[in-house]
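Engineer: Here are the chains, one letter per residue:
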Amino acid sequence: MSLLRIRNLSVDFATAGGAFRAVDGVDITVDEGDVLAIVGESGSGKSVSMLAMMGLLPWTATITADEMSFDGRDLRDLTAKQRRKVIGRDMSMIFQEPMSSLNPCFTVGFQIKEALKQHLDLSKAQRHQRAIELLDLVGIPDPERRLNAFSFQLSGGMSQRVMIAMALACKPRLLIADEPTTALDVTIQAQILDLLTDLQKETGMGLILITHDMGVVAETAQRVQVQYAGQKVEEQPVQTLFTEPHHPYTTALLAALPERATTKRLPTIPGVVPGQFDRPAGCLFSPRCQYADDTCRGVKPPVQGPELGLARCHYPLGAPVKETAR
Amino acid sequence: MTAPVVTAENLSRHYLVGGGLFSKPNTVRALAEASFSIQPGKTLAVVGESGCGKSTLARLVTLIEEPTGGALTLDGKAATPDNWDSLRDTVQIVFQDPYGSLNLRQRVGAILEEPLIINRPQMSAAERTAKAREMMQLVGLRPEHYDRFPHMFSGGQRQRIAIARALMLEPKLLVLDEPVSALDLSIQSQVLNLLMDLQERLNLAYLFISHDLSVVRHVADDLIVMYLGRPVEFGSRDQVFNTPQHPYTKALLSATPTTEPHLRRERIKLQGELPSPLNVPDGCPFAPRCWKAQDVCRHTRPELVGEGHQTACHFPEE
Chain A
1 MSLLRIRNLS VDFATAGGAF RAVDGVDITV DEGDVLAIVG ESGSGKSVSM LAMMGLLPWT
61 ATITADEMSF DGRDLRDLTA KQRRKVIGRD MSMIFQEPMS SLNPCFTVGF QIKEALKQHL
121 DLSKAQRHQR AIELLDLVGI PDPERRLNAF SFQLSGGMSQ RVMIAMALAC KPRLLIADEP
181 TTALDVTIQA QILDLLTDLQ KETGMGLILI THDMGVVAET AQRVQVQYAG QKVEEQPVQT
241 LFTEPHHPYT TALLAALPER ATTKRLPTIP GVVPGQFDRP AGCLFSPRCQ YADDTCRGVK
301 PPVQGPELGL ARCHYPLGAP VKETAR
Chain B
1 MTAPVVTAEN LSRHYLVGGG LFSKPNTVRA LAEASFSIQP GKTLAVVGES GCGKSTLARL
61 VTLIEEPTGG ALTLDGKAAT PDNWDSLRDT VQIVFQDPYG SLNLRQRVGA ILEEPLIINR
121 PQMSAAERTA KAREMMQLVG LRPEHYDRFP HMFSGGQRQR IAIARALMLE PKLLVLDEPV
181 SALDLSIQSQ VLNLLMDLQE RLNLAYLFIS HDLSVVRHVA DDLIVMYLGR PVEFGSRDQV
241 FNTPQHPYTK ALLSATPTTE PHLRRERIKL QGELPSPLNV PDGCPFAPRC WKAQDVCRHT
301 RPELVGEGHQ TACHFPEE
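If you're matching them up, the sequences are chains A and B in order. Going by full-length UniProt numbering, the first sequence wraps up at 326, each residue one higher than the last. Going by full-length UniProt numbering, the second sequence wraps up at 318, each residue one higher than the last.
Any given hint could turn out to be false.
[Claimed, not checked] With a straight-line Cα cutoff of 30 Å, these simulated DSSO-like cross-link-like pairs (lysine-lysine) come out:
id : chain 1 : residue 1 : chain 2 : residue 2
1  : B       : K24       : A       : K264
2  : A       : K264      : B       : K172
3  : B       : K269      : A       : K171
4  : A       : K201      : A       : K117
5  : A       : K264      : B       : K77
6  : A       : K201      : B       : K269
Just so you know, the hints here were simulated from the structure itself, not pulled from any lab data.
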């Protein structure tokens, strides 16, 4: 049985201009020991789908799903109190901005111990001991002294390590990392990514990595799902995604990477991601797609089979018919 | 060989921080001894991690701050605070975040005309409007955008507005401070293409500041790698990327994630983090994190040496 199973998740926000669908029929499956990356540009609904699952969205959001279960437990009808028992314990999250997700009024030790106090039945001395262990685990030198530090006394990389320590405090079975390295420098990014993958291998937890950086995806993930304008457009193992992308969006995105460029001018994707008021009727990518025809513009595309990377496209690339036409 | 648009010699900037009634302030050496020159139509990229002095360099070159040491020559004239005003139209800057660098209460037209109002007081309103519209066309904005506010645009279009504003005074040098790092991947390539088009058409020189090595590899002609306020390696793009000599450059290159999942290289893991610029170690600033450091590295600071491809290291890589 999968650790996390989400089927047909949609999130609508009530805005002044009417309902806005930020996440549109997304499926997510994560098994124990899995590393899934969710990639997409800003506004593709990658963070919102995770926040919806954690119950962290404001009241303006309406969440609907056919199935949303964690370890066999239905997440949809949990009360806030029940939900709090699961979140932070079996399932925890790391956010993008380490500096602003820590509370500057409390020491990092207090904040780590708070998670332990909330969820585990430990004595004060045991909590202190566990907090030191955790800081040691994430590679913070001199952990005993650092427990008394405030977030503003730490660098960005150190704060992110504290966030990871906090998320791992209760040995979660699923860790969601929302752009964990975007605010960090490359050499620190490499350290943090190594730390995350090492910890994942050691504990065998599931890891969901939300990112927009294709390089990070290629180096850490096992499976990748690509999102565009709130929809999942493709899902593949990492190796084949980079060698044989099936959805035109994925193909265009990979081609736009400067390091893959063969000419001085980069291939571009014309236009921008559709907003609230200019969503196309058919395929959401059709206005920017170079292969789009009238079917694409008028009819919502089907989801292809797993051999075509579950691509949400009328004419997935690398399909048998196309193969002969080429 | 044409004359360089900008020449910097041993450019330095120190800041005094802290200090009170009885304590002496500390000196932060944000930038020390940076030397370079840029020819028209060429791009010099500056790479390094946060705190390495990239943005200080941008502020010095854009005449926002006065250097505490060294000399800056713009367009053949020495830049001193007395003649800053006359040099303003030689150099302009594009900032990183187009959401923060445009005034939300001004229409696009007003944003674009403001540099002209200040620097070309003799110009008539009709001329200014014509010039703004011409510039909008050049950067790929539509004429109807003239009366819109910045919030009506996407990130990529805002960055186009910022670029257009920087070009209004027809500068010879454009300082680009992380121009694409706030943009999505699909938009990033559009803006990079625009920058390269403009460079060809207007023969602009670029000082391109970035931390993204894959972008730099694509746009740069020459490259400076900085660490803790000092240039540690200088060379042409191919020299630095193909045969990096400084251990820091090597580590930086190996830490950059590649998009070839089957080509996982051995990554050089750097221990520790950037030391505080308040107490830069004696000797080589990189020595505490360097895997090759020896006693000489901890005591004597290496100078930038070499012909063409320069490195500041006692034991450069072969």
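Engineer: Indicate, hint by hint, whether the structure satisfies it.
Structural biologist: How the hints compare with the structure:
no., hint, result
1, B/K24 with A/K264, "violated (52 Å)"
2, A/K264 with B/K172, "holds (22 Å)"
3, B/K269 with A/K171, "holds (26 Å)"
4, A/K201 with A/K117, "holds (26 Å)"
5, A/K264 with B/K77, "violated (33 Å)"
6, A/K201 with B/K269, "holds (19 Å)"
This entry does not satisfy hints 1 and 5, going by the numbered hints stated previously.
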